[in-house]
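So the sequences go chain by chain: A, B and C.
The first sequence runs 1 to 325 under my numbering.
The second sequence runs 326 to 473 under my numbering.
The third sequence runs 474 to 1137 under my numbering.
Some hints could be false.
Pairs of lysine-lysine, PhoX-like flavour, derived with a Cα cap of 25 angstroms [claimed, not checked]:
#: 1; chain 1: A; residue 1: K254; chain 2: C; residue 2: K1091
#: 2; chain 1: C; residue 1: K714; chain 2: C; residue 2: K779
#: 3; chain 1: C; residue 1: K504; chain 2: B; residue 2: K356
#: 4; chain 1: C; residue 1: K1010; chain 2: C; residue 2: K921
#: 5; chain 1: C; residue 1: K825; chain 2: C; residue 2: K941
#: 6; chain 1: C; residue 1: K1010; chain 2: B; residue 2: K442
#: 7; chain 1: B; residue 1: K356; chain 2: C; residue 2: K591
#: 8; chain 1: B; residue 1: K442; chain 2: C; residue 2: K590
#: 9; chain 1: A; residue 1: K287; chain 2: B; residue 2: K440
#: 10; chain 1: C; residue 1: K666; chain 2: C; residue 2: K1031
#: 11; chain 1: A; residue 1: K4; chain 2: A; residue 2: K189
#: 12; chain 1: B; residue 1: K356; chain 2: C; residue 2: K590
#: 13; chain 1: A; residue 1: K219; chain 2: B; residue 2: K415
#: 14; chain 1: B; residue 1: K451; chain 2: B; residue 2: K415
#: 15; chain 1: B; residue 1: K451; chain 2: C; residue 2: K590
#: 16; chain 1: C; residue 1: K752; chain 2: C; residue 2: K785
#: 17; chain 1: C; residue 1: K1093; chain 2: A; residue 2: K206
#: 18; chain 1: A; residue 1: K254; chain 2: C; residue 2: K1093
#: 19; chain 1: C; residue 1: K686; chain 2: C; residue 2: K622
#: 20; chain 1: B; residue 1: K415; chain 2: A; residue 2: K319
#: 21; chain 1: C; residue 1: K591; chain 2: B; residue 2: K451
#: 22; chain 1: C; residue 1: K784; chain 2: C; residue 2: K738
#: 23; chain 1: C; residue 1: K921; chain 2: C; residue 2: K1031
#: 24; chain 1: A; residue 1: K4; chain 2: A; residue 2: K172
#: 25; chain 1: A; residue 1: K6; chain 2: A; residue 2: K172
#: 26; chain 1: C; residue 1: K1010; chain 2: B; residue 2: K356
#: 27; chain 1: C; residue 1: K666; chain 2: C; residue 2: K865
#: 28; chain 1: C; residue 1: K591; chain 2: B; residue 2: K442
#: 29; chain 1: A; residue 1: K287; chain 2: B; residue 2: K415
#: 30; chain 1: C; residue 1: K590; chain 2: B; residue 2: K440
#: 31; chain 1: C; residue 1: K1010; chain 2: B; residue 2: K440
#: 32; chain 1: C; residue 1: K741; chain 2: C; residue 2: K784
#: 33; chain 1: C; residue 1: K1031; chain 2: C; residue 2: K941
#: 34; chain 1: C; residue 1: K523; chain 2: B; residue 2: K356
#: 35; chain 1: C; residue 1: K1091; chain 2: A; residue 2: K206
#: 36; chain 1: C; residue 1: K666; chain 2: C; residue 2: K681
#: 37; chain 1: C; residue 1: K752; chain 2: C; residue 2: K716
#: 38; chain 1: B; residue 1: K451; chain 2: A; residue 2: K319
If you are wondering where the hints come from, they were derived from the structure by calculation, not from laboratory data.
These numbers come from a predicted model, not from an experiment.
Spelled out from the first residue to the last, the chains are:
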Amino acid sequence: MSDKPKVAFYWCASCGGCEEAVVDLEEKILDVVAAVDIVYWPVALDFKRHDLEAMPNGSVVATFLNGAIRTTEQEEMARLLRRKSQLLFAFGSCSQSGGIPGLANLWDRESIFRTAYSESPSTANPDGTLPQRVSRENGDALSLPGFFDTVQTLDQVVDVDYYVPGCPPTPKILLAALDALLNGKLPEKGAVLAPDQALCEECPRKESRPEQLSLAEFKRPHQVLIDEATCLLAQGLLCFGPGTRAGCEALCVKGNMPCTGCFGPTSRVKDFGGKALSAMASVAAGKDEAEIGRAFENIPDPVGTFYRYSLPSSLLRRKRLEAGR
Amino acid sequence: MPDPFEPRIVAFFCNWCTYLAADLAGTSRLKYAPNVRVVRLMCSGRVDAQFVLEAFARGADGVLIGGCHPGDCHYQEGNYKALRRFHLLKRLVRDMGIEEERIRLEWISASEGEKVKSVINDMVEKVRALGPFTVQVAEDRALEEVTA
Amino acid sequence: MLRPDEWGSSVRIGVYVCHCGTNIAGTIDVKGVAEYSATLPGVALAREYKYMCSDPGQELIREDIREHNLDRIIVAACSPCLHEKTFRHATEQGGLNPYYFHMVNVREHDSWVHVDKKAATEKAMDLVRAAVRRVRLHRPLERRQVPIKPDVLVVGGGIAGIHAALTLANAGKHVYLVEREPTIGGHMAQFDKTFPTLDCAACILTPKMTAVKMHPNITLWTLSEVTGVDGYVGNYTVTVKRKPRYVLEDLCVGCLECIEACVYKQGKVSDEFNLGLSKRKPIYISFPQAVPQIVVIDPETCIEFKSGKCKKTCVEICADRNAIDFHQQEEIKTIEVGTIILGTGFEVFDAKRIPYYGYGVYPNVYTAMEVERLVNASGPTGGEIVLRDGRKPNSVGIIHCVGSRDEHTNRYCSRVCCMYSLKLAHLIKERTEAEVYNFYIDMRTAGKGFEEFYNRVAGEGTHLIRGKVADVCPGANGDGHLMVQVEDTLLGMVRKIPVDMVVLATGLEAQRDAQEVRRLFNIGCSSEGFFLERHPKLAPVNTFTEGIFLAGCCQGPKDIPDTVAQAGAAAAESLALIDAGAVELEPNTAHILEEVCSGCKTCIPLCPYQAISFVLDKSKAEINEVLCKGCGTCVAACPSGSILQNLFEDQEIFEEIEGLLTYA
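Bound-form chain A, shown alone (with noise of 0.2 angstroms):
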């Protein structure tokens, strides 16, 4: 057994983007091997469940979780991780607040289902056949995990120590958190591994927005013809970045698309869509009703604009599921 500090990767409720961002740490990938033992790691390595039950708990110095909780079997494997590791990191929007998956908390499981296996029309299920969490057949049994109602965050589930964010986090980003723990130069638990300050303080096209800025309305992307240099807000376009942790370095608005918040609040706010949206409409023009649905008409779905990686995490958590459900 090697002295090298274990780590561990693990994936619930994601799309693999995540996975993609160690990948994509190039050729340092291979300074992170030299420094640590992978010992946990689905999409890569073959280690299994068992495996990992054996090991004694808090033998893992680290868990990159990503992913949100969405199933029975996602919840039992952030449970057995906590306990293996002595550091859980939520890696990524959808573990530290809920993500693109997140977004299902306009649903429920049952309207889930009947879209994804009744009524989406690609599909063809006269019978109605549905998951089932255990199926019999020839005195075997096979079981699949529970699907939950509700998308949670990892830390509404477990403790968590440090936010790796982003969606997915870049190389930047995760390099630094690995050199952070392997250092011992990680801050105070419950931090998040980026730049307590909004993105505009790294944004190149900063200096273009002007100083009176009120906007007679919104645009989406697809209505502009966005210039490379200006700010984007300032083009009518919901940037987000005045709301966004830095430390992305402007990516999105380097190719020349509005930020969408991935990288999540600053610790001074509590609900990202909430405090998105005093900021948003604070730059509207408008005095009467008319003038001010005309600034937010092309604003047509606010939820997924305002709270697009961080719907679990709001204060509301979710829709309101019927009554009776």
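Dock chains B and C against the given chain A, drawing on the hints supplied.
Structure of chains B and C alone, referenced to chain A:
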């Protein structure tokens, strides 16, 4: 007979108009429903959408925001900012499945004590009819499983 | 952030629940609320007391801070708008920073407005619990002192403005008296005699008007209006627009020969001062004793302005002084003052709004103010009471409460009409020996000497008929009479009384531009439209905007004695502020956390006082604390939560919300 549902409504009142109007309702000894709890702010422009969401998350059945009439804000334009935020917030809250009558913005000037009474009474009854706002703690719902 | 189990150890809160006699205790179980408060985490002691605002009540706070080492104080009592300052002061005297105090309103918002005692008590408990959660996070804030400018602006040159200006000027302060009309004097200058003494209005007013003109400490600007007000208490910057009179003030000596010389031999334009009962020329002076004694040219009606082709006989006659200047321009003046007194007066109710009294239809229906001009010796008829057709009336009906105490027009009582109606009854009887009938609903003669005046007038044979007049219409037999139809409620029968002249006791209303004026000064109006006082009993001359005071009828209908008293009070309040030398600004201002501001510029355009600026070399925003008025709009708008508002921080408000709804 179970006790009738008594809504709990959190109100954010601006100091110069609505709060004073509520004081006036008091000095005039007007009587209205006891279901409202007021948070005093200097201006309706201070109302952050986070406050409204926090109130619901903590179990409020309704949220009322009171400010000066458009054009009369003690700080010139704070109430216009409140109006713009409220417009968007109303849509967001509706899309989150919260009934429209649970969140309300009213312009009440310092001399409109009667309006404080009528708005509160009206809102309490409307929210009463909607029933309690359930704080959805994910744990309750999440543990339901599809049984074989 | 502290965890719930840590709250108790971090602060020692003293909670005081006031009985306020039976005002609170009559509905709320004060003892129960105090006992409940004592169980809350962080509360070191909880007391109930009869009158917290009294000296012993405040002493309780001071003593407890010292003896029990308290570091936060909560008082659950009346509205903070009333006593927050009182208790902050007591807290400070006890040795604590005054902003460690928080007030809970359980009177105006609870005991006075709810009937269900259990619900009211529960509400009080919820509110106290919220305060306990919030006050833990309060910070030791410092009030900021700013110097106060010593000059005063008085707006309105009626008796209110005149008295306030003189009082202040005599105290050595420099006063700007700004009046819209070409002369000061206001409505009082239009009166003949004043009740109850029957003093001649001009005789008591003109010496004061002259004193204003002569006073070295008063800068008098007539034909001028305030167009902009900026700043805050002690430091107001006001722009005043001085309209041109086309007559140079320094050169005109008031000989009035130019008026005599005008190409118009007779008056051409409706004389506003005489309410249209006579005509004036385009070059005129409002009335002979006008102050300043300077002529005015009306550009709307003067031939020289309309066609440029006048002989300008006025200029000819003024050749030795050359005081007339047709090219005079409007001037914009900017002044810096510490306090402002508004004495902008009232407007008379427009009697046309009550068509069944026939004003404007029947020539012999007059308003009371018109009759004032008739009885005035320098009025349109030289003091003779003559009808428009030249006859002297043999019978006069005076109708009280026109546009007052009326659901269809104004609900309030205009306070002065009964007295002036009796006064007019007396004066008319004196001049004409006519039969005079006063039609009243109630006789309101409450002031000093007023009841005695009423008895005197009654004793003179005036017919006092209790009933609201239903109709005034021409008599059927075409003899020029007007029939006044009224139910005489004392006799219990409907009467139709023929009179030659009807006088309508029109009520007092707020000036028609009161809403614009109040916005200019950032004060409020009551529902009747008069400027709003801070407290009807305890602060009748203060407004909710510090440094701006009210005097006279602009605050509500009142007579001359009360107006003068209020003007003196407003002057005293001004003096109190100015002589204190400096004013303390409340610290509920916002400030930007410089280290974390990202310079996104969202906040910059939001401040109506331009208190937020973008500092280019730091690439961050900055708030000027002195200009910030503490509305908090920028705080809510800052997308990264990098602006904090003292006393209204996000965390403090979240704690308050949580405290209201979740049980400890």
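Here is what the structure says about each hint:
As the CA atoms of K254/A and K1091/C are separated by approximately 23 angstroms, the hinted pair is consistent with the 25 angstroms bound. For the hint pairing K714/C with K779/C, the CA-to-CA distance comes to about 23 angstroms; that is within 25 angstroms, so the pair holds. Straight-line distance between C-alpha atoms of K504/C and K356/B comes to about 23 angstroms, which keeps the hinted pair within the 25 angstroms bound. A C-alpha spacing of about 20 angstroms is found between K1010/C and K921/C, which places the hinted pair at or below 25 angstroms, so the restraint holds.
The hinted pair formed by K825/C and K941/C meets the criterion: a straight-line CA distance of about 17 angstroms does not exceed 25 angstroms. The hinted pair formed by K1010/C and K442/B meets the criterion: a straight-line CA distance of about 23 angstroms does not exceed 25 angstroms. For a cut-off of 25 angstroms, the pair hint linking K356/B to K591/C stands: about 15 angstroms separates their Cα positions. Simply put, K442/B and K590/C have alpha-carbon atoms about 18 angstroms apart, close enough for the 25 angstroms limit, and the pair holds.
Distance hint between K287/A and K440/B is fulfilled; the C-alpha atoms sit about 23 angstroms from each other, no more than 25 angstroms. Our distance criterion of 25 angstroms between C-alpha atoms is met by K666/C and K1031/C, whose separation comes to about 16 angstroms. Of the supplied pair hints, the one linking K4/A and K189/A holds, its CA atoms being roughly 23 angstroms apart against a limit of 25 angstroms. At roughly 13 angstroms between alpha-carbon atoms, K356/B and K590/C fall within 25 angstroms of each other, so this suggested pair holds.
Of the pairs offered as hints, the one joining K219/A and K415/B holds, with about 20 angstroms between alpha carbons and a cut-off of 25 angstroms not exceeded. For the suggested pair K451/B and K415/B, the alpha carbons sit about 16 angstroms apart, so the restraint of at most 25 angstroms is met. Taking the CA atoms of K451/B and K590/C, the gap is near 23 angstroms; set against the 25 angstroms cutoff, the hint holds. With a C-alpha separation of about 20 angstroms, the suggested pairing of K752/C with K785/C holds against the 25 angstroms cut-off.
The suggested pairing of K1093/C with K206/A holds, with an alpha-carbon distance near 11 angstroms, which does not exceed 25 angstroms. Between K254/A and K1093/C the alpha-carbon distance is near 22 angstroms, which keeps this suggested pair within the 25 angstroms criterion. The hinted pair formed by K686/C and K622/C meets the criterion: a straight-line CA distance of about 23 angstroms does not exceed 25 angstroms. With a C-alpha separation of about 14 angstroms, the suggested pair K415/B and K319/A falls inside the 25 angstroms cut-off, and the hint holds.
Of the pairs offered as hints, the one joining K591/C and K451/B holds, with about 22 angstroms between alpha carbons and a cut-off of 25 angstroms not exceeded. This hinted pair checks out: K784/C and K738/C have alpha carbons roughly 13 angstroms apart, not beyond 25 angstroms. Between the alpha carbons of K921/C and K1031/C the distance comes to roughly 14 angstroms, so the proposed pair stays at or under 25 angstroms and holds. Restraint check for K4/A and K172/A: the C-alpha separation of about 22 angstroms stays at or below 25 angstroms, so the hint holds.
A threshold of 25 angstroms between alpha carbons decides the hint, and for K6/A with K172/A the separation of about 21 angstroms falls inside it, so the pair holds. The straight-line distance between the Cα atoms of K1010/C and K356/B is roughly 23 angstroms, inside the 25 angstroms bound, and the hint therefore holds. With a C-alpha separation of about 20 angstroms, the suggested pairing of K666/C with K865/C holds against the 25 angstroms cut-off. A hinted pair counts as satisfied when its Cα atoms are at most 25 angstroms apart, and K591/C with K442/B qualifies at roughly 20 angstroms.
At roughly 17 angstroms between alpha-carbon atoms, K287/A and K415/B fall within 25 angstroms of each other, so this suggested pair holds. The hinted pair formed by K590/C and K440/B meets the criterion: a straight-line CA distance of about 23 angstroms does not exceed 25 angstroms. Proximity of K1010/C to K440/B is assessed by CA-CA distance (about 23 angstroms); at most 25 angstroms being required, the pair is judged to hold. Between the alpha carbons of K741/C and K784/C the distance comes to roughly 17 angstroms, so the proposed pair stays at or under 25 angstroms and holds.
About 22 angstroms separates the Cα atoms of K1031/C and K941/C, which keeps this hinted pair within 25 angstroms; it holds. A distance of roughly 24 angstroms separates the Cα atoms of K523/C and K356/B; the hinted pair therefore holds under the 25 angstroms criterion. Distance hint between K1091/C and K206/A is fulfilled; the C-alpha atoms sit about 13 angstroms from each other, no more than 25 angstroms. About 16 angstroms separates the Cα atoms of K666/C and K681/C, which keeps this hinted pair within 25 angstroms; it holds.
Annotation: proposed proximity of K752/C to K716/C holds, straight-line Cα distance about 23 angstroms (limit 25 angstroms). Among the hinted pairs, K451/B with K319/A is consistent with the structure: their alpha-carbon atoms are about 21 angstroms apart, no more than 25 angstroms.
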